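Chain residues, written in single-letter form:
There are 2 protein chains.
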Amino acid sequence: MAVYTDVNEEQLSAFLTEYDVGTLLSYKGIAEGVENSNFLLRTTKATLILTLYEKRVNRDDLPFFIGLMDHLAAKGLNCPLPIQRRDGGHLGELAGRPAAMVSFLDGSWLRKPRAEHCREVGRAMAAMHVAGSDFPIRRANALTMPNWRPLWQSSRARADEVLPGLRDEIDRELEILEAGWPKDLPEGVIHADLFPDNVFFIEDRLSGLIDFYFACNDYLAYDVAIGLNAWCFEKDGSFNHTKGMALINGYTSVRKLESAEAQALPLLARGAALRFFLTRLHDWLTTPEGAMVVKKDPLEYLQKLRFHGQIVSSSEYGHRNEENLS
Amino acid sequence: MAVYTDVNEEQLSAFLTEYDVGTLLSYKGIAEGVENSNFLLRTTKATLILTLYEKRVNRDDLPFFIGLMDHLAAKGLNCPLPIQRRDGGHLGELAGRPAAMVSFLDGSWLRKPRAEHCREVGRAMAAMHVAGSDFPIRRANALTMPNWRPLWQSSRARADEVLPGLRDEIDRELEILEAGWPKDLPEGVIHADLFPDNVFFIEDRLSGLIDFYFACNDYLAYDVAIGLNAWCFEKDGSFNHTKGMALINGYTSVRKLESAEAQALPLLARGAALRFFLTRLHDWLTTPEGAMVVKKDPLEYLQKLRFHGQIVSSSEYGHRNEENLS
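These protein sequence lines map, in sequence, to chains A and B. If you count by our numbering, then the first sequence holds residues 24 to 349, one letter each, in order. If you count by our numbering, then the second sequence holds residues 24 to 349, one letter each, in order.
Worth flagging that the hints you see were computed from the coordinates, not collected in a lab. Mixed in with the good hints, there may be bad ones.
Since the list can't tell identical chains apart, any single copy or any two copies may satisfy a pair.
Here are the simulated DMTMM-like cross-link-like pairs (lysine to aspartate or glutamate), alpha carbons at most 25 Å apart as the crow flies [claimed, not checked]:
#	residue 1	residue 2
1	Lys135	Glu41
2	Lys135	Asp29
3	Lys319	Glu32
4	Lys78	Glu55
5	Lys318	Glu77
6	Lys135	Glu33
7	Lys318	Asp29
8	Lys319	Glu77
9	Lys206	Asp220
10	Lys206	Glu116
11	Lys98	Glu33
12	Lys68	Asp84
13	Lys258	Glu32
14	Lys318	Glu55
15	Lys258	Glu33
As the structure is a prediction and not an experimental result, all values here were calculated from the model.
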């Protein structure tokens, strides 16, 4: 599932001589991560994750991703720490791929998160936003509002194959979102993919965030909107208000949402739902039958999109502003 | 690739209370093993492999497999040690599957084994044969000579789709093997699947054998014959005599081959090649396009089958009997 490129012992031994990590004891491909090849390594000195960056990752973005993890870890955020090479850099080459190693983070992702976990996720997301505020490299979000129309064009003609009427519905959604998308909200480094499989817990304690390979500069509140989509819906498609409240309260306990951010939240959440709908629809229509990838159903996000379209105030997600609280 | 059944944190926590292994720190699906779902677990006390047995494994065989690992580990062989439950057993149930945990074994399998590694494999195989000699449970080999004809019948009609003339060629092979298969060689517990991915090394030192899920009672020399097929051919299909010699010498340094075993080796190796040819051919013809499994080319084993058909003496594999040495 997540080993696209295998590595032989000669290649790996040569690669490891570039680092001060001791001698190799074992390496195993791990069945997590969708974009890259990941191995769990044990050496005489450490337990590490080795990542080989596959084609879908732009090589020019690697200094941003790796630099960001380094920056956040230095600020005390629990995230993988890139291992420094003997030459001072963090990026090497292995089996013809750019490759890096990061520290192994204990914890597992939750298959069945509860509201208390959503609160922890909100807190950790806000802590990441604060810690990332002085990160000097910038990376534009390649999957935000201006990118949706070209993405939609690649699937639009075949959309009604997936669901009759889908083409017209998404046409309308896109117009609404383009017209109303906020122009001036607080920006910063966002994770942009903080789904349950990217957040580790040990028992009920959040132990770390992983997979920063969609991180970018965008509206901070857009990350919260992604979080609402990723954490607060049940399997049957219903929105869990208790979880929404927990995630937002967790977030605002670390970083307050400005009133413009709170006001924009329904539209941001609607946009986030469209973003995941569009990439899933694209993958759904273009992934050949039989590829060794689990196709994710785009219609899950159509349902979320429709839900957000009915929301008029962030209080419906569980947000409480100062006045409500007093 | 090798996580057919996912496990959630509630199921896993409940399962772990049956063991004295401490608290869960992390679990990750690992991309190894073809038949079962495997997870690497870290707890506050240990690093473990958790296996969920999928449908292809017969539940009635599990006491043999788990008992064998326990027996071999107790005899000092480096192999996974099944972890005992609080109730004294080794087998539990998780996510609707029979499940067991074994100790984590350091080491990695070699993508590019050399002759020196083949020698180590021969030694370890013989040590396993010796250590298994007093294991009390028996399991018949379900993939040895009498089973080949029914297996062949399931593919025979479509064989010429894979290669014209294949049907007639395998018909002849099967007749030769059925007529000449030895009737009275030393028997014992064999691994029956000791391919490179089931043997771990740390640098050039063999650190352990894994995956005993084809182990059974059969001719000991048949395991050597499987080893010759698994370790001593190059990617271009040529037989590496130096590796053959190393594997056999490694084996006989621990357990001598009787002259009847040595004499039978070419036919046993031919049979072993047919056995892997037939299962691969069956999978090739029955695995639906697009299943999340890498299909292995049966023709690799046709080439090996033809090679062994030309061999008249075990000395051609590198075996030296006492007289040769003196």
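Alpha-carbon proximity context of lysine 319 and glutamate 77, limit 25 Å: both (20 Å within a copy, 24 Å between copies)
Intra- versus inter-subunit Cα pairing at 25 Å for lysine 206 with glutamate 116: Neither way: lysine 206 and glutamate 116 sit 40 Å apart in one copy and 54 Å across, limit 25 Å.
Intra/inter-copy verdict for lysine 258 and glutamate 33 if alpha-carbon distance must be at most 25 Å: between (45 Å within a copy, 17 Å between copies)
Intra- versus inter-copy proximity for aspartate 29 and lysine 135 (alpha-carbon distance at most 25 Å): between (32 Å within a copy, 12 Å between copies)
Status of aspartate 29 relative to lysine 318 across identical chains (alpha carbons, at most 25 Å): both (23 Å within a copy, 16 Å between copies)
Status of glutamate 41 relative to lysine 135 across identical chains (alpha carbons, at most 25 Å): Answer is between; shortest inter-copy Cα gap is 21 Å, intra-copy 40 Å.
25 Å Cα threshold - placement of glutamate 55 relative to lysine 318: Both. Shortest intra-copy (15 Å) and inter-copy (22 Å) distances satisfy the 25 Å Cα cut-off.
Lysine 78 and glutamate 55: within-copy, between-copy, both or neither at 25 Å Cα: Both: 17 Å inside a chain and 23 Å across chains, each within 25 Å.
25 Å Cα threshold - placement of glutamate 32 relative to lysine 258: Answer is between: at 17 Å across copies they meet the 25 Å cutoff, but 42 Å inside does not.
Within, between, both or neither: lysine 319, glutamate 32 at alpha-carbon 25 Å: For lysine 319 and glutamate 32, only the inter-copy Cα distance (22 Å) is at most 25 Å; the intra-copy one is 34 Å.
Within, between, both or neither, where lysine 98 and glutamate 33 count as close if Cα-Cα is 25 Å or less: neither (36 Å within a copy, 33 Å between copies)
Copy assignment of lysine 206 with aspartate 220, given that the CA separation must stay at most 25 Å: For lysine 206 and aspartate 220, neither the intra-copy (31 Å) nor the inter-copy (55 Å) Cα distance is at most 25 Å.
When each numbered hint is compared with the structure, violations occur for hints 9, 10, 11 and 12.
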